[in-house]
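Visitor: What follows is each chain in one-letter form.
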Amino acid sequence: MSDELNINKKTKYKIKTKSSTASGRGETDIDYVRPAELPEQDLYHGHSFITKWIFCQDAKVIGVQYTLTAVFTGVVGLILSWMMRMQLGYPDLFPFLTAETYYQMVTMHGMIMVVYLLTALFLGGFGNYLIPLMVGARDMVFPYVNMISFWMFFVAVVVLMASFFVPGGPTGSGWTLYPPQAILEGTPGSGYGILLMLISLSLFVIGFTMGGLNYVITILQARTRGMSLMRMPLTIWGIFTATVLALLAFPALLVSSIMMTLDKVLETSFFMPTIIKAGEALSYDGGSPILFQHLFWFFGHPEVYIVALPAFGIVSDLISVHSRKNIFGYRMMVWAIVGIGALSFFVWAHHMYVSGMSPWFGFFFATTTLIIAVPTALKVYNWILTLWRGNIRINTVMLFCLGFIVTFVNGGITGIFLGNVAVDVPLSDTYFVIAHFHMVMGIAPLMVIFGAIYHWFPLVTGRFLDEKLGKLHFWITFLGAYSIYFPMHYLGFIGVPRRYFEMYDSPYMTSAVGMNEFISLAAFIVGAAQFIFFYNLVKSLRLGKPAGKNPWKANSLEWLTPDVPPTHGNWGEKLPVVHRWAYDYGVPGAKEDYIPQTTAPSEVKDAEVEKT
Amino acid sequence: MFTGLIFLAVIIGSIVFHVWTPWWWTDIASNWSAMDNTIILSFWIGGGVFILVCLFMVYCIFRYQYKEGRRSEYKPEDKKLEKGLTWLTTIGVVALLAPGLVVWNNYIRVPDNAIQVEVMAWQWGWKYRLPGQDGKLGASNNRIISDDNPYGLNIDDPNGKDDVFVESNELHLLKDRPVKILLRSIDVLHNFYVPQFRSKMDAVPGTITYYWFEPNKNGEYEVLCAEYCGVAHYAMRGKVVVEDEVSYNKWLSEQETFSSFTAKNRNNKLNKKKFAKINNLSSDKNSILKEQDVR
Amino acid sequence: MSDLNLDKLPGGFKGMSEDIGSDQTTFKGVNWGKAMMWIFLLSDTFVFSCFLVAYMKVRASVVEPWPYPSEVFALEMMGVPVPLLLIAIMTFVLITSSGTMALAVKYGYEKNRKMCGWFVLLTAIGGLTFVGMQAFEWSKLIFHDGVRPWGNPFGAEQFGAFFFMITGFHGTHVSIGVIFLFIFARKVFRGDFDTGRRGYFTTMKSDYVAIEILGLYWHFVDLVWVFIFAFFYLW
Numbered sequence: 091m092s093d094e095l096n097i098n099k100k101t102k103y104k105i106k107t108k109s110s111t112a113s114g115r116g117e118t119d120i121d122y123v124r125p126a127e128l129p130e131q132d133l134y135h136g137h138s139f140i141t142k143w144i145f146c147q148d149a150k151v152i153g154v155q156y157t158l159t160a161v162f163t164g165v166v167g168l169i170l171s172w173m174m175r176m177q178l179g180y181p182d183l184f185p186f187l188t189a190e191t192y193y194q195m196v197t198m199h200g201m202i203m204v205v206y207l208l209t210a211l212f213l214g215g216f217g218n219y220l221i222p223l224m225v226g227a228r229d230m231v232f233p234y235v236n237m238i239s240f241w242m243f244f245v246a247v248v249v250l251m252a253s254f255f256v257p258g259g260p261t262g263s264g265w266t267l268y269p270p271q272a273i274l275e276g277t278p279g280s281g282y283g284i285l286l287m288l289i290s291l292s293l294f295v296i297g298f299t300m301g302g303l304n305y306v307i308t309i310l311q312a313r314t315r316g317m318s319l320m321r322m323p324l325t326i327w328g329i330f331t332a333t334v335l336a337l338l339a340f341p342a343l344l345v346s347s348i349m350m351t352l353d354k355v356l357e358t359s360f361f362m363p364t365i366i367k368a369g370e371a372l373s374y375d376g377g378s379p380i381l382f383q384h385l386f387w388f389f390g391h392p393e394v395y396i397v398a399l400p401a402f403g404i405v406s407d408l409i410s411v412h413s414r415k416n417i418f419g420y421r422m423m424v425w426a427i428v429g430i431g432a433l434s435f436f437v438w439a440h441h442m443y444v445s446g447m448s449p450w451f452g453f454f455f456a457t458t459t460l461i462i463a464v465p466t467a468l469k470v471y472n473w474i475l476t477l478w479r480g481n482i483r484i485n486t487v488m489l490f491c492l493g494f495i496v497t498f499v500n501g502g503i504t505g506i507f508l509g510n511v512a513v514d515v516p517l518s519d520t521y522f523v524i525a526h527f528h529m530v531m532g533i534a535p536l537m538v539i540f541g542a543i544y545h546w547f548p549l550v551t552g553r554f555l556d557e558k559l560g561k562l563h564f565w566i567t568f569l570g571a572y573s574i575y576f577p578m579h580y581l582g583f584i585g586v587p588r589r590y591f592e593m594y595d596s597p598y599m600t601s602a603v604g605m606n607e608f609i610s611l612a613a614f615i616v617g618a619a620q621f622i623f624f625y626n627l628v629k630s631l632r633l634g635k636p637a638g639k640n641p642w643k644a645n646s647l648e649w650l651t652p653d654v655p656p657t658h659g660n661w662g663e664k665l666p667v668v669h670r671w672a673y674d675y676g677v678p679g680a681k682e683d684y685i686p687q688t689t690a691p692s693e694v695k696d697a698e699v700e701k702t
Numbered sequence: 010m011f012t013g014l015i016f017l018a019v020i021i022g023s024i025v026f027h028v029w030t031p032w033w034w035t036d037i038a039s040n041w042s043a044m045d046n047t048i049i050l051s052f053w054i055g056g057g058v059f060i061l062v063c064l065f066m067v068y069c070i071f072r073y074q075y076k077e078g079r080r081s082e083y084k085p086e087d088k089k090l091e092k093g094l095t096w097l098t099t100i101g102v103v104a105l106l107a108p109g110l111v112v113w114n115n116y117i118r119v120p121d122n123a124i125q126v127e128v129m130a131w132q133w134g135w136k137y138r139l140p141g142q143d144g145k146l147g148a149s150n151n152r153i154i155s156d157d158n159p160y161g162l163n164i165d166d167p168n169g170k171d172d173v174f175v176e177s178n179e180l181h182l183l184k185d186r187p188v189k190i191l192l193r194s195i196d197v198l199h200n201f202y203v204p205q206f207r208s209k210m211d212a213v214p215g216t217i218t219y220y221w222f223e224p225n226k227n228g229e230y231e232v233l234c235a236e237y238c239g240v241a242h243y244a245m246r247g248k249v250v251v252e253d254e255v256s257y258n259k260w261l262s263e264q265e266t267f268s269s270f271t272a273k274n275r276n277n278k279l280n281k282k283k284f285a286k287i288n289n290l291s292s293d294k295n296s297i298l299k300e301q302d303v304r
Numbered sequence: 101m102s103d104l105n106l107d108k109l110p111g112g113f114k115g116m117s118e119d120i121g122s123d124q125t126t127f128k129g130v131n132w133g134k135a136m137m138w139i140f141l142l143s144d145t146f147v148f149s150c151f152l153v154a155y156m157k158v159r160a161s162v163v164e165p166w167p168y169p170s171e172v173f174a175l176e177m178m179g180v181p182v183p184l185l186l187i188a189i190m191t192f193v194l195i196t197s198s199g200t201m202a203l204a205v206k207y208g209y210e211k212n213r214k215m216c217g218w219f220v221l222l223t224a225i226g227g228l229t230f231v232g233m234q235a236f237e238w239s240k241l242i243f244h245d246g247v248r249p250w251g252n253p254f255g256a257e258q259f260g261a262f263f264f265m266i267t268g269f270h271g272t273h274v275s276i277g278v279i280f281l282f283i284f285a286r287k288v289f290r291g292d293f294d295t296g297r298r299g300y301f302t303t304m305k306s307d308y309v310a311i312e313i314l315g316l317y318w319h320f321v322d323l324v325w326v327f328i329f330a331f332f333y334l335w
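Chains as they are written, first to last, in my numbering: chain F, 91 to 702; chain P, 10 to 304; chain R, 101 to 335.
These are calculated hints, taken from the structure and not from any lab test.
Any given hint could turn out to be false.
[Said to hold, decoys possible] Simulated restraints, written as ranges between beta carbons of each label pair: (1) 241/F to 25/P: 37 to 45 Å; (2) 326/R to 97/P: 31 to 39 Å; (3) 100/P to 149/R: 51 to 59 Å; (4) 652/F to 82/P: 29 to 37 Å; (5) 156/R to 653/F: 54 to 62 Å; (6) 262/P to 334/R: 57 to 65 Å; (7) 259/P to 595/F: 25 to 33 Å; (8) 334/R to 100/P: 44 to 52 Å; (9) 82/P to 190/F: 37 to 45 Å.
The beta-carbon is built from N, C-alpha and C at its ideal position, and this holds for glycine as well.
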């Protein structure tokens, strides 16, 4: 490679600096973009059905594969949540719901939703589809590794699902898998169930690492001409930062999985202290259960942002496109994403205030946690300031964005309660926590996912989703989900602990019965409403209104491909050349209210562009 | 129009719900009213931000709905506004954090006159141990727990001789006297939580954790396990009775001490030996047991 | 093919900020595979750090005495126990193999097919020797001294657990490296990198830069060993 770099001896750096200082000196000057540094990418084009659709190396197909697999696990998670709500709302009505099955459902629901749905969907699904398109690459830098990444994920899902069918069933240790109980008798699925869970997680980490390296290198090293980092859409910034977080946080999960597997299989004592069961000491001795919690949350907290940051990025783009206005404070948005990502490695122990770790940690982690609130709040301000003085299309996509803002602000503020160490003491391990994290990293990212699907469906399939069904889907989902989780906070105030199979013999908790029934009903309705969405997807695939090119009048590169939907290689003969950021909406002096990224300055000479 | 109204209704509904909710915390029965106050403070600041942000959003929906041909304002950045918002948020965050840290500082510093109470958690129930006349708990080790020594006390530690065993789910506490709860677990993680006392901490096998509170209201309270501990987690309840000195002392005198417990056991020794022979155990092994021997 | 001249790029902090602010690539002139290996190694660093931090935490807090490494890892030489003899040799072999790897990379850039191939092969043999010696050490500990992951006669049982887990994990890295070194030695000798032959699985063109990428991995594995050596055998 290095010899290739020396072929051309002349440098263009001088011209570049000239062009940046003296814009408007002449037409050739203002349109100048540095010549290509890299040779054209060498792509493998599939010929058979198998290489085109199954073992496919096209990032777009891999993205769709990721999405479908993740959505499938999501449906499983949804059904599990229904069954949990059946028990909580109407205890003793369903004899097949024992405490064992209840705890297994809690665990599988949590793990599926956090890791196998949200992480896989945002990074594997949206990441694969959008990164090459939005940075102007032909594909991911290593398409083959990318393909393996998906199939690793697929195997991880199969292993996870297999745990439903092994003797003892899936693990019922809670999604945090805290030892010692996770691998001891007394917790359902402490035999095969927990082993399969740990194996599945390890496979997921390995598979994800392959994909994640691809995303990072594609964004860093394979952008098209003119696409500087500060011209990238915020979607890419969000996915990029989240991927870096994942690459650095998943190792802790891998290590804790390996160590717990050894504790289970070889009876080592990494996390296992002396344990007395039925009057007899087990063979474990001297391990530290808190060590696991540190490792787990060193993964677990960045994991929250692995889910949240892509959502932040995507929602910024959706809001900007549909309110026909540039995103407010782009630079601050980028720095906020990066800052939140960096800080997220220093806050993990706020999940452990009452875990029995040294109480002095409380001061440090409460401070860092509340510091994170500042960039997060700034992002919220910038979203609503983007709406301000915009030209807002109230369509399904925008509705989901608005729903995101409400749920995210709500959940973010309850997060400040829980991050503030002394306030956390009465609230931790209660339903307040459940309500908080479902609001902020369950409903809010899901709102973004739905919005993003309504937004990009025309790109992927060439057809619109049905707008009427979409609005119906939104209102049921948003109002339903809000009425599930908003009142749930108040259960936490009463003091109802989480992970209780049933709870009603405490005198002060009897008032919660009615609320639990209400929440359960709302949950059934919201869950059912998702099938409107699935129906819409299937229906619109064949019968949707044809979208044509760039139906939303967006600026970013993915809408500017020669073919819609984009084909393998994305860009036809020539790679696009980028001249501006992705947010030139409503520029005064321009003919249209949007200027796509590929439009050269000489084509829109009258436009008074402030940022390039 | 319709959209904005519904969002407005959601915000107003949230406020109304918060004001009129029948679901609120139980009456506090300990000294930690400061925790409740920080929660209230968080509600004022956080709730204020929530309402302002959402109202502004609703305003934008009403005011800037799509009109064909209208241009949105083009203003990529506004340094002054961004700076102002950053400072405002920082001040808000500091206002929330500072009282929280002060309360936490009190939470982890136990007053000198606190009575020590050991809470021993097991799957699935609670046991308690109180220091005797000397006010000190004897050293313990989970490794040497047996039928003869249910708390795994070190036989050689004189502090342990007069320790009071409470082998039931029910614990009595003196009103207006700080208690330092020392948490032990013999198997998995548990958490000793009484909602009315507001405070909680995990019991971790292998270490001893602590927290403190001062019960200030007579009554019976339910103890809940607040850290998932296996299939009967939800059924792991206990009872705390807060009472005045007279009834407390009466209750205390009914409990067994370590020495009376061992004396009682010695009487049963003959039976025990027989039992041990059948079960292939050594009944007095625990007195000479050292860590290394048990493998 | 490329208009980039690395020598003419501005250096220092200014150059860095200009590179980051520029389009197309952030790390100028860095091959995709090489960048990917660097990021992977960063991620892998976190894996090993987690292992080592967990080890340090447990070792610091465990109640039972930790076995004394220079006795446990001593080797009997002519009736005299020499502490850390085997480990010293293992470390020496592994570090030496890093040297041969560096030479292989150098010859790779000179497109010196023969020399490059021989040095890659030599590195592979060095790695294999290391793995073999590690297997010997493990079997000595297991069969001779009775050290098991769940207990040992010397003291705290976590000693065996951490030892086998961390050295095993590192040994797996070395073994994977050795396998790839052998494959690449064959590829070099066959001339894949001169002709740009396409990979069997990936259908990507081969290039000598692959040797450098493999070298990065190999040096990383050596570096990790230095840390394991320090924390396990010298502490």
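Visitor: For every hint, state whether the structure bears it out.
Guide: Consistency of the hints with the structure:
1. Taken as a hint, the range 37 to 45 Å is violated for the pair residue 241/F and residue 25/P, whose Cβ atoms sit roughly 52 Å apart.
2. Hint check: residue 326/R to residue 97/P, Cβ distance near 50 Å, so the stated range 31 to 39 Å is violated.
3. The given range of 51 to 59 Å is broken by residue 100/P and residue 149/R, whose C-beta atoms sit roughly 37 Å from each other.
4. Restraint check, residue 652/F to residue 82/P: a C-beta distance of roughly 33 Å satisfies the suggested window 29 to 37 Å.
5. Remark: the range hint 54 to 62 Å for residue 156/R to residue 653/F is upheld by a beta-carbon distance near 56 Å.
6. Here the CB-CB span from residue 262/P to residue 334/R is close to 59 Å, well matched to the stated 57 to 65 Å.
7. Residue 259/P and residue 595/F have their C-beta atoms about 28 Å apart, which keeps the hinted 25 to 33 Å range intact.
8. Take residue 334/R and residue 100/P: their Cβ atoms lie about 51 Å apart, and the range 44 to 52 Å holds.
9. The supplied range of 37 to 45 Å is broken by residue 82/P and residue 190/F, whose beta-carbon atoms lie about 59 Å from each other.
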